[in-house]
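Chemist: What follows is the residue order along each chain.
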Amino acid sequence: MPAEIALLNNYLIVGAVLFGIGLIGFLSRRNMIVMFLAAEMMLQGVSLSLVAWSRFHNDFGGQMLVIFIIAIAACEAAVVLALVITLFQRRGQLDVADWQTLRESDQPPFQDKPLSQTPGEQPESWPRLTPAGIAPDVPPEKIDYRPKV
Amino acid sequence: MAALGMWLLLPRGGARGRSVGAVLAVMALGLGASRMPRLGDWVGQSVFSILAVVTVIAAAATVSFRKPVYCAIWFGLTLLGVAGLFLLIGAQFLAVATIVVYAGAILVTFLFVLMLANQEGNTIYDRVSWEAILSAAAGMVIVGVLSLTIGSVFSTLPAMDARQISVSSPEQLAQGVLSPNHVASFGMELFGRHLIAIEVAGVLLLAALVGAAAIVAHNQRVQGLGFRIQDSSPTSLPKSESQTPNPKSQVLNPEP
Chain A
951 MPAEIALLNN YLIVGAVLFG IGLIGFLSRR NMIVMFLAAE MMLQGVSLSL
1001 VAWSRFHNDF GGQMLVIFII AIAACEAAVV LALVITLFQR RGQLDVADWQ
1051 TLRESDQPPF QDKPLSQTPG EQPESWPRLT PAGIAPDVPP EKIDYRPKV
Chain B
10 MAALGMWLLL PRGGARGRSV GAVLAVMALG LGASRMPRLG DWVGQSVFSI
60 LAVVTVIAAA ATVSFRKPVY CAIWFGLTLL GVAGLFLLIG AQFLAVATIV
110 VYAGAILVTF LFVLMLANQE GNTIYDRVSW EAILSAAAGM VIVGVLSLTI
160 GSVFSTLPAM DARQISVSSP EQLAQGVLSP NHVASFGMEL FGRHLIAIEV
210 AGVLLLAALV GAAAIVAHNQ RVQGLGFRIQ DSSPTSLPKS ESQTPNPKSQ
260 VLNPEP
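Residue numbers (this note's numbering), protein chains in the order written: chain A, 951 to 1099; chain B, 10 to 265.
Hints are not guaranteed to be accurate.
[Claimed, not checked] Straight-line alpha carbon distances no greater than 25 Å define the calculated SDA-like cross-link-like pairs of lysine to any residue that follow:
1. Lys-76/B - Val-1034/A
2. Lys-76/B - Glu-1026/A
3. Lys-76/B - Ile-108/B
4. Lys-76/B - Ala-989/A
5. Lys-76/B - Ser-43/B
6. Lys-76/B - Ala-956/A
7. Lys-76/B - Leu-97/B
8. Lys-76/B - Ala-1047/A
9. Lys-76/B - Gly-1042/A
10. Lys-76/B - Gln-1061/A
11. Lys-76/B - Val-1029/A
12. Lys-76/B - Phe-1060/A
13. Lys-76/B - Leu-1037/A
14. Lys-76/B - Val-1046/A
15. Lys-76/B - Met-1014/A
16. Lys-76/B - Leu-38/B
17. Lys-76/B - Ile-1084/A
18. Lys-76/B - Ala-1021/A
19. Lys-76/B - Leu-1033/A
[Stated by the list, open to error] Derived coverage of chain A by chain B (criterion: at least 3 residues anywhere in the stretch with Cβ under 8 Å from a Cβ of chain B; other residues may be distant):
20. 970-980
21. 983-994
22. 1005-1011
23. 1031-1042
24. 1078-1088
[What the hints assert, rightly or not] To give a feel for the contact side, a few chain B residues facing chain A, derived at Cβ under 8 Å:
25. Thr-87
26. Thr-118
27. Ala-206
Keep in mind that the hints were calculated from the coordinates and are not lab data.
Cβ atoms here follow ideal geometry from the backbone N, Cα and C, with glycine treated the same way.
The following block holds chain A by itself, in its conformation from the complex:
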């Protein structure tokens, strides 16, 4: 196999692997920002194969396409991040499953399994602040704030 064809072959395979990993990430992650990154990664895989074809055919067409892909990716990033801000302001978290009311009507709802803390994981800790002033005289049933923050 000549070296040029081997180069094309290898680049195409790496591009395909990048695309596949990005696809997996886009399908399986629920954090919107990570989904955005995975979509960008799919674009990277495609542009890698385009550049490889451009080298193989000794033509700049593939590299032109990659330039346009980069431009489109910039547009996409702007719109996606604006949407992420919007959705985050509505619900206060980045979960895509939060928006499952948009699903088709015959699909069953997605339920979160109750999840215990994994053993290696520390519970989230809050800093202990020095008490200042005098503790206010509030009857305990009226306390709706956390005593320790």
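Use these hints to put chain B onto chain A, whose structure you have.
Modeler: The following block gives chain B in isolation, referenced to the frame of chain A:
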């Protein structure tokens, strides 16, 4: 190749068995790399191997890490690897453009992660993924099909003989894509044949800018600047949704 895909099913998403998944993924990567044909010279081969391995590992880490900050950092490494691969194949301008453009994108994403996301990655939506097995199977089936197709096409190439497929000689390459004044010829091509496309891309960028500003501005006009906290009850859900137990994922320790 298909078997490698099946091995890769395991690692995604879950909390258990991540190390086993990583080992399996690395084995699959090694096996796949051993099937790839050698390049001509060993320098190019080794540089390509290092770059490709870094890129693929960083990509896998991007989609499999729990904390979104790490995801962003690993994605930056993926971009560096891709830029290196561009440079290796002779697309110098694209390599630099990728780094320059995506450095900004990564920085902004990083900022977003710092502002919006849960840093520890222990929200339920970072820990539990959608149909992990199905999506991993789908992705790896696509990779397997693509690489099998590529491999079969190129393995039958010598039989097809060299008349039908014209491999560019180094002299032709040196006058074309690999010419010493790469950027000059690149720019001639870009602003010659593709001038209208460039203009359209500029308009598209402007439209995206205005669109993004409009989305955010509209949202703030609708909502005020008010910020809804997680445990506030959703008001406008349809009835069927509110009867089911609340599917909203909960942060394990909601912030006060």
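Chemist: If a hint holds in the structure, say so; if it doesn't, say that too.
Modeler: Hint-by-hint comparison with the structure:
| no. | hint | in the structure |
| --- | --- | --- |
| 1 | Lys-76/B - Val-1034/A | 17 Å, holds |
| 2 | Lys-76/B - Glu-1026/A | 23 Å, holds |
| 3 | Lys-76/B - Ile-108/B | 23 Å, holds |
| 4 | Lys-76/B - Ala-989/A | 18 Å, holds |
| 5 | Lys-76/B - Ser-43/B | 32 Å, violated |
| 6 | Lys-76/B - Ala-956/A | 38 Å, violated |
| 7 | Lys-76/B - Leu-97/B | 32 Å, violated |
| 8 | Lys-76/B - Ala-1047/A | 18 Å, holds |
| 9 | Lys-76/B - Gly-1042/A | 18 Å, holds |
| 10 | Lys-76/B - Gln-1061/A | 22 Å, holds |
| 11 | Lys-76/B - Val-1029/A | 23 Å, holds |
| 12 | Lys-76/B - Phe-1060/A | 23 Å, holds |
| 13 | Lys-76/B - Leu-1037/A | 20 Å, holds |
| 14 | Lys-76/B - Val-1046/A | 16 Å, holds |
| 15 | Lys-76/B - Met-1014/A | 35 Å, violated |
| 16 | Lys-76/B - Leu-38/B | 24 Å, holds |
| 17 | Lys-76/B - Ile-1084/A | 40 Å, violated |
| 18 | Lys-76/B - Ala-1021/A | 28 Å, violated |
| 19 | Lys-76/B - Leu-1033/A | 21 Å, holds |
| 20 | 970-980 | holds (count 10) |
| 21 | 983-994 | holds (count 8) |
| 22 | 1005-1011 | holds (count 6) |
| 23 | 1031-1042 | holds (count 11) |
| 24 | 1078-1088 | violated (count 0) |
| 25 | Thr-87 | 6 Å, holds |
| 26 | Thr-118 | 6 Å, holds |
| 27 | Ala-206 | 7 Å, holds |
Hints 5, 6, 7, 15, 17, 18 and 24 from the list above are not met by this structure, while the remaining hints are.
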